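Enquirer: Spelled out, the chains give:
2 protein chains.
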Amino acid sequence: MNTKILLVEDDASLGFVIKDNLEMRGYHVTLCNDGESGETTFHQNTFDICILDVMMPRKDGFTVARNIRKKDQQVPILFVTAKSMLEDKVEGFSAGGDDYITKPFSVEELQMRIEVFLRRSTGKDSVDTVFKLGKFEFDSSNLTLRTEGQVRTLTQKESDVLGLLCKNRERVLKREEILKAVWGDDDYFLGRSMDVFISKLRKYLRYDPAVQIVNYHGIGFRLEIK
Amino acid sequence: MNTKILLVEDDASLGFVIKDNLEMRGYHVTLCNDGESGETTFHQNTFDICILDVMMPRKDGFTVARNIRKKDQQVPILFVTAKSMLEDKVEGFSAGGDDYITKPFSVEELQMRIEVFLRRSTGKDSVDTVFKLGKFEFDSSNLTLRTEGQVRTLTQKESDVLGLLCKNRERVLKREEILKAVWGDDDYFLGRSMDVFISKLRKYLRYDPAVQIVNYHGIGFRLEIK
DNA sequence: AAATCATGTTAACGACCTGTTAAATATGAA
DNA sequence: TTCATATTTAACAGGTCGTTAACATGATTT
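For the record, the sequence lines run as chains V and R. Heads up: the first sequence is residues 1362 to 1587, going by my numbering. Heads up: the second sequence is residues 1362 to 1587, going by my numbering.
Fair warning: there could be bad hints in the mix.
No copy labels: a pair is met if it fits in one copy or bridges any two.
Unchecked claim - With a straight-line cut-off of 25 Å between C-alpha atoms, the simulated BS3-like cross-links for lysine-lysine are:
id: 1; residue 1: K1496; residue 2: K1587
id: 2; residue 1: K1541; residue 2: K1496
id: 3; residue 1: K1535; residue 2: K1464
id: 4; residue 1: K1464; residue 2: K1493
id: 5; residue 1: K1535; residue 2: K1564
id: 6; residue 1: K1432; residue 2: K1420
id: 7; residue 1: K1431; residue 2: K1587
id: 8; residue 1: K1564; residue 2: K1420
id: 9; residue 1: K1535; residue 2: K1365
id: 10; residue 1: K1380; residue 2: K1528
id: 11; residue 1: K1432; residue 2: K1564
id: 12; residue 1: K1535; residue 2: K1518
id: 13; residue 1: K1564; residue 2: K1464
id: 14; residue 1: K1493; residue 2: K1420
id: 15; residue 1: K1564; residue 2: K1365
id: 16; residue 1: K1431; residue 2: K1528
id: 17; residue 1: K1464; residue 2: K1528
id: 18; residue 1: K1518; residue 2: K1432
id: 19; residue 1: K1380; residue 2: K1493
id: 20; residue 1: K1541; residue 2: K1518
Source of the hints: derived by calculation from the structure; they are not laboratory data. Small disclaimer: the values here were computed from a predicted structure and weren't measured.
Using the sequences and the hints, build the whole thing.
Expert: Following this line, the structure appears as structure tokens:
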């Protein structure tokens, strides 16, 4: 497996050293030297891991991470921080499966963190497929929607749609996006079919009024949790 | 071989989850929820491996490990640490053949570490081939399905299918997964053949209604015990 | 307000998936 | 070879799910 890493580091020489060392160890590394280009590079490619320097002049690592998360909730993010940084702040951001590493660090250390991430994602773990939705817990790989006591088994398509909504809670999903992702195509009838699914999912989610699939007229849908 | 594991974990619910998951995979697990009882349990029994949480209120994992080492220099010890822990400290302790695993981890990951240890000491895989299924006891290497008094001998394929279901009780096995694992291929007729086997196994398991092979329409099967 | 288009909801149809039994075929031992 | 057993194929009966249609409601434009 050829692991692809996005490295965003404003210090050019440090960035080069890390890139060079990691490539010697068999990883494929794309280096960006500011947050802005890091984001656009991320959006145009696919990466297995992102390594972000927190302290960067124009756009800091946390901001970049937030924008990456809008597109991808799963990709592991490793923050690079200075020792002086308050641990609380970093830990808050790196919650939910992400991690951080403190300068100065050895490449061995860095590689260890990377391998931990990769083992977690390649070992078919269920962690990244489980979403907490208000009173519900949805496991998109086991197709189960749990609530206090009860378990409902969803069909594959129901699960596909709900999973997509879960992964994109930050933004409104366009109708055509959902259709392309779940049905592979986009026409009038598939659109109506999708509406039927949305209706069914809403019925399942009625138990907790805080969880809502909201329609954006003429655009699409978004899963919102009040 | 029935591998015996000592698990010392102060978080009761996490401990139970790990124990449960490992037992589903064929290990015998003894759970202690503090270092003190962990030590006494170790001294009164024999274990093939010890899993110790490092951070515990009264007696931490390292202390327990030191006392275990006074009695037994060989038994492999696996430390469970939090992400924030200084790696130097853990690495110092886990030197000399021991290992550590960082929270959060998947059970797959944990099992991998365990198997590495066991292979190192015994030289062969050690997952138990005997499964307890409600009122049944199924031995996948001897092809026997026991119930109170009665013994039924299964065919190799019956046993392969049931064994696969047993090993994956926590998730839904896709039809193609079963076909690939047992038949080595996946086509329409093999699929129908599999359905015949499922039907036969269900007949054998009818004696205990709590044990059920549940179909997930369009996806696959899962062995569930109520 | 009327017209038009987008979405919500329900029900029914049909394609496909599964359960089961039995017959046909393969496998292997005597 | 024959016989016994294991597995595959066939056939049929239900069952499930996604799509479509139909109608209701809501939003936006004219």
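Enquirer: Just pull the numbers of the violated hints for me, sorted ascending.
Expert: Failing hints, ascending: 2, 3, 8, 9, 11, 13, 14, 15.
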